[in-house]
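Chemist: Between the sequences and the hints, there should be enough to build the whole structure, so can you do that?
If you use my numbering, the sequence shown corresponds to residues -5 to 340, in order.
If you're looking for bench data, these hints aren't it; they were derived computationally from the structure. Treat each hint with caution, since some may be false.
[Unchecked claim] In silico DSS-like pairs for lysine-lysine, Cα to Cα no more than 27 angstroms straight-line:
| no. | residue 1 | residue 2 |
| --- | --- | --- |
| 1 | Lys183 | Lys167 |
| 2 | Lys121 | Lys322 |
| 3 | Lys296 | Lys226 |
None of the values given here were measured: they were computed from a predicted structure.
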Amino acid sequence: MLQGRFKWAVLALAMVFLAGLAPQPADAEDITLRWSHPSPKRGTEVVWTDWFVKEVEKQTQGRVKVQMFWGGSLCKITEMAEAVKSGLADVGWVTSAYHPGYGELAKVAAAADYISPIASPVVLTEKWLEFWKKDDAFYKEYATTNMMPIIQRWYDVYWAFSQKPIKTLEDYKGVKIRAVTEIQQVAYKAIGATPMFLPSVEIYSALQKGILDAVGFSPDTAMRYKIQEVVKYLVRQDVAGAWAQWCVNLDTWKKISPEDQKIILKLGDEASMTLARMMLEERDKVAEAFQKAGVEIMDLPKAEADKWNNMPEVKAYADNWAKEAEAKGLPGQRLLAEWRKMIGSK
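Modeler: Structure follows, in structure tokens:
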């Protein structure tokens, strides 16, 4: 499963050099990377991370080692971007949903379509990797915050895990639901729900205490945080998830030899695809586990999903996002048009 090579690896390295992110250090040194992970040490995160760490250490012949810090033990999830930028952590998880001002261009995926036109996370990740390697804008943006992205982490379709049954959009009215991305917050408001943002580690207790009625989570994330213990209903809906990037502190990256940088980038692409395959596999596993736990499973009808995706507020988000990106000097309009073309979005 993990042996495939990806045609974009060489191009990725070229992009990195063009962006000035991978200089040829004359005094490259052996290094131990402090890797900060926000999640508890369980589930799919352990599987792919353990593989990646072992392969990095093996293929660099020990020149690059990794020290893992699980469960936010090195820094809180909301502080992770700053920790990587400053060098407190050498590797960390970064996404604009948790870290405003970081990785803003990655929002283009959610902006393009609220209801994802590509059902398979594997196909979507293949296209996303190709998209990143065609343009150095993403790398340049991260360079301004002293980071080098090495792994693309797709959070699969966001199902709703609820205390109340949700059969139509009308049923969302008044529901207090955790929504993580900007487009999710806009979309839930459009149907009369009350979107709230809370870090993943706080969701379980918020559902227990009635602070939340529901949570939007990717299937694997819901399982990792044991949400089946505190909800009654699982609503399958193809709400587009979100991208996060695993990033290396740029000063640390420059200490790694070009040879080992290339190895890490290649393994990063393999890890990205492995994660995508895991996301696809987790859908059925999670549904089965939740059903065994007594959670009722229902599906949001396609007609309702199409209606939601075409609401004026939801449609307007893409252009608004692109204009805001342009105002910051980022190529939002161009990237939005290119990504929509790649995924067949209208």
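Chemist: Hint by hint, note whether the structure agrees.
Modeler: Verification of the hints:
{"no.": "1", "hint": "Lys183 - Lys167", "result": "holds (9 angstroms)"}
{"no.": "2", "hint": "Lys121 - Lys322", "result": "holds (26 angstroms)"}
{"no.": "3", "hint": "Lys296 - Lys226", "result": "holds (22 angstroms)"}
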